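**Student:** Chains A and B supply the protein sequences, listed in that same order. Yeah, the first sequence ends on 116 if you go by my numbering, and it's all consecutive. Yeah, the second sequence ends on 452 if you go by my numbering, and it's all consecutive.
Relax, there's no trap hidden among the hints.
Here are some, though not all, of the chain A residues that point toward chain B, as calculated from beta-carbon distances under 7 Å:
| no. | residue |
| --- | --- |
| 1 | LEU57 |
| 2 | ASP60 |
| 3 | LEU93 |
| 4 | ARG94 |
| 5 | TRP114 |
Rather than coming from a laboratory, the hints here were simulated on the basis of the structure. This structure is a prediction, so every number in the text was calculated from the model and none was measured. All C-beta atoms in this analysis are idealised placements derived from N, C-alpha and C, irrespective of residue type, glycine included.
One-letter residues, chain by chain:
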Amino acid sequence: MNQPLPPSYYELLEEIQAVDFVLVELTLYLDTHPEDYEAIGQFNQFAQQSKKLKKQYEQQYGPLRQYGESYSGYPWNWNSAPWPWQV
Amino acid sequence: MWYYEKKLQYPVRVSSCNPQLAKYLIEQYGGADGELSAALRYLNQRYTIPDKVVGLLTDIGTEEFAHLEMIATMVYKLTKDATPEQMKAAGLGAHYANHEHALYYENAAGSAWTATYIAAKGDPIADLYEDIAAEEKARATYQWIINLSDDPDLNDGLKYLREREIIHSQRFREAVEILKEERDRKIFF
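Just chain B, with the same shape it has in the complex (with noise of 0.2 Å):
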């Protein structure tokens, strides 16, 4: 099972009310390459893989949760105060149409997430490299987020999301080089 903690991971603090930057972030929230795609891809994928790497990807599936949380508190302090016509001109009309301030697992272009973001193939070594192209892109994500960001306090909890990608995606190419280990160890000529 598992355990809530009432803190946030690191920080977040943003500068203004600014509904274009969360437009922008929400693509971190509910898009493809996403935390929510993140947690749920790797969850999901333990049960099926080798033992060894079991330990990793709960933890990292776990932290990916703490990393949502980080992203939706962005989403809600950028947007909180804005005017429906302030909404409207950060091309969030549609939104706010249909959500008012709510949240709403959707990418940047708003269309809602779905389970096709998702890859599961059964296959380990397939299974870790989706893992670790997935935090590639999450981090380029962050990247193209942050030079489109003009909010330095925004960008510190930013730029603490983009080195965590990259720190998943080291561990996860750890994980392909054991399962390889022990892959070969069981071959017997």
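Just chain A, same shape as in the assembly (with noise of 0.2 Å):
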């Protein structure tokens, strides 16, 4: 990675995290409470609004999933991004 990023990269990361952390708390909430159905909306609810996010992060800087979980652009562009200890 040798340019340096833009605010805007940030900014999405942060959204990112930001609806994945809501997706991890719930996540271990209804491992212990299966029968939450308000939970397991707005877990739903959550689960689509990160595809959504990631689908237009991908389209900016590249994969973050691999393995087939995200599409590749040409050339192989697994590396595109910075990895996360470098941002």
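These two chains come separately, so use the hints to put the complex back together.
**Tutor:** Okay, structure coming up:
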């Protein structure tokens, strides 16, 4: 990663981190409260939101996940966005 | 199987190069109550614990790897620009002699990580109480490191991780109650 990242990179990344944090919290909560109908509704709603934001991120910065969970550009762009410890 | 996601669970920032803090922080990387121990402890217990809590152990174990990556990022950022002299002054001379700036699974006193940090008793209640104790010990360790740290950016990440230990402990306590209810239902007089 040679070019400095624009502030919009960090804004989008933090938005994804915030939404995914809600999903982690709801996941652990639902593991011990599997019949909370309202929480499951929230979980599915945030899962949809997360997918939308990641699609937007990947179109600009490259894949977040591997093994077919994200699409690749040409050439293979797994390395195009910086690694997490580099930002 | 597992999928890697190319992002940290929570942003990690440090104010300045500070190998002294890295030396303390490595406790949460390769120490007894650190994130590696946590991840391996929970994921390993899954195979012999009742189905009702396998999901929770899988999910907390997976989250621990995200925390391990956050700690690694903190240690990397605190040490990457340190000179050999700075490493030596921070008590990391012996580390530098063996590993240069590479990370290593060791505790703050420099002892390598060992599987003896992890218990696996095969008794669900014993294992879950072990997990609750591990979370409380990790929470306390985060607090001691925050007390030693004068880096507000680092402390933001450390406080997040400290709060996660509280949540994990809470969820494990609920798992104990779920298993007790299950056990009591199976007793017929």
